[in-house]
Amino acid sequence: MGVPAIPMCTVAYKELADLTAARDGMPHLREVFTPHPVGGKTSAELAAYLVNPDPVSGIPITKEIVEDLTRPLSADEMKSGTRSIAAGPATYGPASADNLQELFMTNGMTDYLPIVIPTAEKVEAMLKGTSHSPDEVLRTPLQGVGYTSARWGYTVRQVAVNAVMAGCKPEYFPVVLAMAFVGTLGLFGSTTSSGSAIVINGPIRDKLNVNYGLGALSPFAHSNATIGRSWTLMGKNLTNGGILGDTYQGSQGNQLDYNNCVIAEDEKNSPWTPLHVQFGYKAEENVVSLFGGPDVRQGAGARGAGAEPAMFDQQISYMCESMVGGSGALAILDPLVAKRLVEQGYESKEKLSEYVYKNTKRAVKDFKESFLAPFHLYPLALEGREPYASWYKLPDDAVIPFFPSAKQINFVVCGGQANAFFQIANMNHFRSESIDKWM
Amino acid sequence: MKRRELLSLFGMSPGLLLEAGVAEAKDKNAVRGAVESDPKLTAVSPKGTPPPIRLYAMAPRANSLDGKTLYLVDATHFDGSETLLMEMQAWFRQNVPSLKTVFRKKAGAYAADDPKLWAEIKANAYATVMAIGH
Numbered sequence: 001m002g003v004p005a006i007p008m009c010t011v012a013y014k015e016l017a018d019l020t021a022a023r024d025g026m027p028h029l030r031e032v033f034t035p036h037p038v039g040g041k042t043s044a045e046l047a048a049y050l051v052n053p054d055p056v057s058g059i060p061i062t063k064e065i066v067e068d069l070t071r072p073l074s075a076d077e078m079k080s081g082t083r084s085i086a087a088g089p090a091t092y093g094p095a096s097a098d099n100l101q102e103l104f105m106t107n108g109m110t111d112y113l114p115i116v117i118p119t120a121e122k123v124e125a126m127l128k129g130t131s132h133s134p135d136e137v138l139r140t141p142l143q144g145v146g147y148t149s150a151r152w153g154y155t156v157r158q159v160a161v162n163a164v165m166a167g168c169k170p171e172y173f174p175v176v177l178a179m180a181f182v183g184t185l186g187l188f189g190s191t192t193s194s195g196s197a198i199v200i201n202g203p204i205r206d207k208l209n210v211n212y213g214l215g216a217l218s219p220f221a222h223s224n225a226t227i228g229r230s231w232t233l234m235g236k237n238l239t240n241g242g243i244l245g246d247t248y249q250g251s252q253g254n255q256l257d258y259n260n261c262v263i264a265e266d267e268k269n270s271p272w273t274p275l276h277v278q279f280g281y282k283a284e285e286n287v288v289s290l291f292g293g294p295d296v297r298q299g300a301g302a303r304g305a306g307a308e309p310a311m312f313d314q315q316i317s318y319m320c321e322s323m324v325g326g327s328g329a330l331a332i333l334d335p336l337v338a339k340r341l342v343e344q345g346y347e348s349k350e351k352l353s354e355y356v357y358k359n360t361k362r363a364v365k366d367f368k369e370s371f372l373a374p375f376h377l378y379p380l381a382l383e384g385r386e387p388y389a390s391w392y393k394l395p396d397d398a399v400i401p402f403f404p405s406a407k408q409i410n411f412v413v414c415g416g417q418a419n420a421f422f423q424i425a426n427m428n429h430f431r432s433e434s435i436d437k438w439m
Numbered sequence: 001m002k003r004r005e006l007l008s009l010f011g012m013s014p015g016l017l018l019e020a021g022v023a024e025a026k027d028k029n030a031v032r033g034a035v036e037s038d039p040k041l042t043a044v045s046p047k048g049t050p051p052p053i054r055l056y057a058m059a060p061r062a063n064s065l066d067g068k069t070l071y072l073v074d075a076t077h078f079d080g081s082e083t084l085l086m087e088m089q090a091w092f093r094q095n096v097p098s099l100k101t102v103f104r105k106k107a108g109a110y111a112a113d114d115p116k117l118w119a120e121i122k123a124n125a126y127a128t129v130m131a132i133g134h
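Here the protein sequences line up with chains A and B, keeping their order.
With this note's numbering, letter number 88 in the first sequence gets 88, and the count goes up by one each step, no holes.
With this note's numbering, letter number 2 in the second sequence gets 2, and the count goes up by one each step, no holes.
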């Protein structure tokens, strides 16, 4: 732009600011840091920040800004051009398996659980799980676009290396490739510590022995365990994500990141249309749908969970009231719950979504004071995006729907019918992708 | 050594940082000593391909701020950032009266681009301070 610019953030993000500036082409950018945090401080406290020393430079912040805007540039600050960078060596070793385990772990390339060592032979075997060329690029490196962790590119072969490390069998590889193609990889780096979920639909569920029955969400099937794990490893390695303090800033982290909550829908015992068909695919197609958001919670905590007869529509609505607004809901229902909901009159998932949308409400004041509203939803309202623009024009005591639309409320059916239980993921649907295209 | 200095010294390559870590781990292995009879394996790197880095020359600086316009931009809407910039504007008005300050909020959520604002800054401002969080 040709205009001197001073970025200012709190000292907690110094390393991230430095690395981002370097990767974006200004390694000597003149940055200013305040103490942490800024949020929650009074005007007087923030005014004091400005005349007190920058915790990094030791210079009072306002004085530092004046100096940074008037001091002549150094030779380094005037450099331009393009530089290629490397992601490290193409291979590691030869070394013992134990030493390679240690090396991969020490260098942040694992989830700190033992991996399958990705030898060339194992990678070649994995590549037999697809007809696609090993050198096919799933995503080209993007310069200066999006989050720093979203700019790396990768090929089918690079995806295969991560699938091997996760323990996947070659027949799982098309599912892994479909996930990689979506590009929204695991280990989302936000301070909010969001997690992820993977829904698999279609006949491939049985071919790969993906568990959608008893203990469906627990570690009782090799395919569920390794496919889910591969998403986190890909997030770390293919896009340079998961570097603590740099591309990963999740304050508390999220235990979902170990496996990303793999959910295969029990299409046979569900009384409803499968999720992928709702998204426009044919029933016989194999599809993976990726979701992301804060958490997965047990429905047993819902108001009225012990009432007879069970009113699951109300329980689901109650559970949604404490979710992060702006994120969607993915309700995971045991077939017994789904059957009871049919008895309640919900012959389709769409009808149930509509009920939850219409009956889950809050006051405008509560919406405005909710987590995402000030910095994420209010800016959208200023752009005129609905329903947020209209909601911000209403009085504080007006009552509005909790979700912006019924389409953000999704349902999948799985479980062993041992008890009428459900869980709800406070998650948005990112995208669905055909698995068949990657066979 | 700080990571930023490393980036600069080694051509700004995060990948080189990784290689530095690999060297360290290799040393550890040497100290530990692998058992000679262990079969030796070669592992393929799981890493993707990083984008090239385009270096940008920083904008030239004036000798003083007299008569200049400084934009104070709330780029993220995070809690407290607007108040902080308002306090900064008050400080400049009192202590550097020859400098004109303009407060603006970037449109859209924190990761959204705002080309209209950038054009306004380019047309009207000598410089900008961007509050980028948290």
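Be careful, since some hints might not be right.
[To be verified] Here are the simulated DSS-like cross-link-like pairs (lysine-lysine), alpha carbons at most 27 Å apart as the crow flies:
(1) B:Lys68 <-> A:Lys393
(2) B:Lys105 <-> A:Lys63
(3) B:Lys68 <-> A:Lys122
(4) B:Lys40 <-> A:Lys169
(5) A:Lys63 <-> B:Lys40
(6) A:Lys393 <-> A:Lys282
(7) B:Lys40 <-> A:Lys14
(8) B:Lys105 <-> A:Lys365
(9) B:Lys68 <-> A:Lys63
(10) A:Lys41 <-> A:Lys437
Everything labelled a hint here was simulated from the structure, so no lab data went into it.
Hint check:
1. B:Lys68 <-> A:Lys393: violated, 37 Å
2. B:Lys105 <-> A:Lys63: holds, 23 Å
3. B:Lys68 <-> A:Lys122: violated, 63 Å
4. B:Lys40 <-> A:Lys169: Status holds; Cα separation ~23 Å.
5. A:Lys63 <-> B:Lys40: Distance of about 59 Å is beyond 27 Å: violated.
6. A:Lys393 <-> A:Lys282: violated, 42 Å
7. B:Lys40 <-> A:Lys14: violated, 41 Å
8. B:Lys105 <-> A:Lys365: Answer holds: Lys105 of chain B to Lys365 of chain A is near 22 Å, not above 27 Å.
9. B:Lys68 <-> A:Lys63: This hinted pair holds, its Cα atoms lying about 16 Å apart.
10. A:Lys41 <-> A:Lys437: Judged against 27 Å, a Cα distance of about 53 Å means the pair is violated.
The structure fails to meet hints 1, 3, 5, 6, 7 and 10 from the earlier list, while all remaining hints are met.
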